[in-house]
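**Student:** Sequence:
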Amino acid sequence: MLKLPCSFYPKKNRDGSPRPDPHQHLADEFERPLAELHETWVIPDPRTAQIERPKEQVSGLKERLAARDQQIGALTDFRERALSQIAALRMEIERLRDVLAAPSNVRALPNSSRASAPYGSCS
Numbered sequence: 001m002l003k004l005p006c007s008f009y010p011k012k013n014r015d016g017s018p019r020p021d022p023h024q025h026l027a028d029e030f031e032r033p034l035a036e037l038h039e040t041w042v043i044p045d046p047r048t049a050q051i052e053r054p055k056e057q058v059s060g061l062k063e064r065l066a067a068r069d070q071q072i073g074a075l076t077d078f079r080e081r082a083l084s085q086i087a088a089l090r091m092e093i094e095r096l097r098d099v100l101a102a103p104s105n106v107r108a109l110p111n112s113s114r115a116s117a118p119y120g121s122c123s
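The sequence shown begins at 1 in the UniProt record's numbering and counts up by one.
Everything labelled a hint here was simulated from the structure, so no lab data went into it.
Hints may be right or wrong, so weigh each one.
Cβ-Cβ distance ranges computed for the label pairs, FRET-style [to be verified]:
| hint | residue 1 | residue 2 | range |
| --- | --- | --- | --- |
| 1 | ILE51 | HIS23 | 32 to 40 Å |
| 2 | LEU61 | LEU83 | 29 to 37 Å |
| 3 | SER84 | GLN57 | 36 to 44 Å |
| 4 | GLU29 | GLN50 | 18 to 26 Å |
This structure is a prediction, so every number in the text was calculated from the model and none was measured.
We put the beta carbon where it would ideally sit given N, CA and C, even for glycine.
Turn these sequences into a full structure, and let the hints guide you.
**Tutor:** Right under this line is the structure:
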C-alpha cells in the first residue's frame, strides 16, 4: 500500500499516546479509496465518471430550465391580467368622462378651494 509522507500520520506523545496531525483528514481522504481498491480488487473506470458527471449536470440544467419556464409562464399570465385591468380602467374612465360631458343629471363634484388635504386623509 502506498504511504504518504510522515507528516500526514499521527505522531506519538512522549508517553506513547497518539497525537493527531492537523492534516490527518487529508491522509484519511487519500487512504479511503486505496483501502476500497485493496478490498474489492476492482479499479473504477474513470470514463464512467466522465460520462456520468455531464449527465448529472444536464439533468440539473433541465430542472432549472423547467422551473424558469414555469416562472416565465406565471409572469406572462400576470402581465396579461395587469394589462387587461388597465384597459378596463381606461375604458371606465372614458365612459365616465363621456357621461359627465353629455347633458344629464350627473354633476361633477366641485373642486375644493383649500389646497390642503381633507381631514383624516393619509396625505
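**Student:** Give a verdict on every hint.
**Tutor:** Against the structure, the hints:
1. One distance hint, 32 to 40 Å for the beta-carbon pair ILE51 and HIS23, holds here, with the actual separation near 33 Å.
2. For the pair LEU61 and LEU83, the beta carbons lie near 32 Å from each other, so the given range of 29 to 37 Å is met.
3. For SER84 and GLN57, the hinted distance range of 36 to 44 Å is satisfied, since their beta carbons lie about 41 Å from each other.
4. Checked against the given bound of 18 to 26 Å, the beta carbons of GLU29 and GLN50, roughly 21 Å apart, stay inside it.
Comparing the model with each numbered hint stated earlier shows that all of them hold.
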